[in-house]
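Following the hints, position chain B against chain A.
One-letter residues, chain by chain:
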Amino acid sequence: MNPSFVTAKARGCAACRACSLVSHLPDGQEDGFCPRCGEPICIRRRHSRQTAAALVASAAICYVPANLLPVMRTYSLGGGVEEDTIIGGVMLLYGSGSWFLALVVLVASIMIPLGKLVALGYLLWHSSLHRNASAHEESRLYHVVEVIGRWSMLDVFVASYTVALVQLRPLISIVPGPGILFFAAVVILTMLAVEYLDPRLNWDVTAKGYEHHV
Amino acid sequence: MSRKPTRQRHYRPAPPATLAACPLCDCLQNIPPLLPGDEARCARCRHVLHARPRHRAEVWEALVLTAIILWILANTTPLMVIAAGGLTSSTTIGGGALAMWREGEQVTAVVVAFCAFAAPGGFLLSLLIVMWGARRQTLSPHLSEVLRWAHYLRVWSLHEVMMVGILVALIKIADVAQVEVGIGLLSVAGLVLLFPLIGLNFDDAELWRRIEWVSPTPGTAEAPPA
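Taken in sequence, the protein lines are chains A and B.
Residue 201 in our numbering sits at position 201 of the first sequence, with consecutive numbering throughout.
Offset between the second sequence (1-based) and our numbering: plus 1000.
Everything labelled a hint here was simulated from the structure, so no lab data went into it.
Ideal Cβ positions, reconstructed from N, Cα and C, are used throughout, including at glycine.
Facing chain B, according to a computed beta carbon distance under 7 Å, are these residues of chain A, among others:
1. LYS9
2. ALA15
3. PRO35
4. ARG150
5. VAL158
6. TYR161
7. THR162
8. VAL163
9. LEU168
10. ILE172
If you only want the chain B side, here are some residues facing chain A, beta carbon under 7 Å, derived:
11. ARG1044
12. GLY1096
13. MET1100
14. SER1144
15. SER1215
Here chain B stands alone, though its shape is the one from the complex:
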């Protein structure tokens, strides 16, 4: 688990070893202090328990801000414009859900709106709040609510699936009409690239360590190391 030692002095001191239970196989184990860029795998099933980002928190903040700008662009500019026989039509991200709602498929509309618009947007918004709240040394317990939301909204952000879906729709339509790609689609492509990078550089373990506990009652103390 060793890395090139050259740039280590730029980082905060390594966190102490922490107790972890694998979410897949429940194996109890200590995660040793990790160097930036290292990952810890479960001793039994090799599932990645924790990965420490290679870069500093500032890089993550820059990525999140870039993603927020791209997200605003992606939602305000048309994804694509089609033209046939003198008629033109365009759509934005919300347009897909809106069209489904208007055509009587309300349930599908809600699913599309949630996975394509609300979940990625909520994810980025919660990261913005986390970024703002993490400037203090101890984080308020309210922030843990936001961190939990970020965790679950990430799972339901299907913007990369939406991106491929739009491309397939585009190819299908190219048979009947002239298709022009808009700025919105390019922004979505940028988001598709940025989201995994944000995930890789998000040191949530570090944030959780600094957070104030919701209920530090004696009955629910942390277990002794195995």
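Isolated chain A (complex conformation):
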């Protein structure tokens, strides 16, 4: 690694997240406003790890009912009621022969939310150790979580449009179950956690402990 890199922080500057203008903050101040577009800017996001950790913890709690409670209830002719959890929906898809879609839903609804929770937990835990030799990998992990995270919303859309369409009373009708609310909460909370976690924090530690890793 080249030691000649200078961070904006070292110069008392911060980049705007909206228009990417680099501006000087008044002496000794951590936050301010972008002079070009008015967006709030900060050298490092305040309480970034704490807020992100709280959001990840809430998401992890919501993840349990999201998977245990049914996301859809099917009422069919003759008074039959069938309850579908997320993993049940994957099984159903696999059973009906569309293994590819089953795989898509499995990845989007189970693996991505879980992977996101684990990845965010890892990033939080690792950045709190203050002996960071792997900022490159963590930056990449953060970016992947940021880009792929949106796909975990898939099952919320599947449920919404199934419910919207299958309203053939009295033959068959589908209503949403309580699980969908928790599932949407997991997605929104982890997206907010990614938003709050300041990726620049990982590199600060690297700059400090630089001599140990060369």
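Just chain B, lined up with the frame of chain A:
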């Protein structure tokens, strides 16, 4: 970073070098003038700092107008129609959120309405305003508000996820009823293709350069180049 020099005279002169700090690793660096189609990566973490579109602004304008027409189509025509035992049922994009609201899942309904309808629509509307406002040489500071909105609404536009979600719903329903794909779903497919193209051809750096600053106070001047 060189490209074929053949068509360069069609473009505006290259912008001057700009100072940038990587959003991922905060590394301060100068972005050299870029040719159309070039991208600048962070010297430390290789994150893409800026990509200059390959095509002229007119191409971007055409893409945005096409997307707006498709968006109107996608929201007014049914996504799909199902039929079973003489009963039929259809839904539009808003129908998904409406059904959730009616069935007592109001929070989920708001999330679905925002990500599937409001965010993509707001994104396209703000691009339309930007396009209209960018006809002047210096852009009003009000436009920076719109550009900021466009930046954040893009992140929450989950129409491509919605598209796959609808397809999964469709396959599931195909077991119990006859399914017919509507014009709306084809329009959504068009939008899924157009949004990345709009992103690739959107020269927001060029717009930001021309915009009038909100508060050009002496205390917050641009930092000297590193």
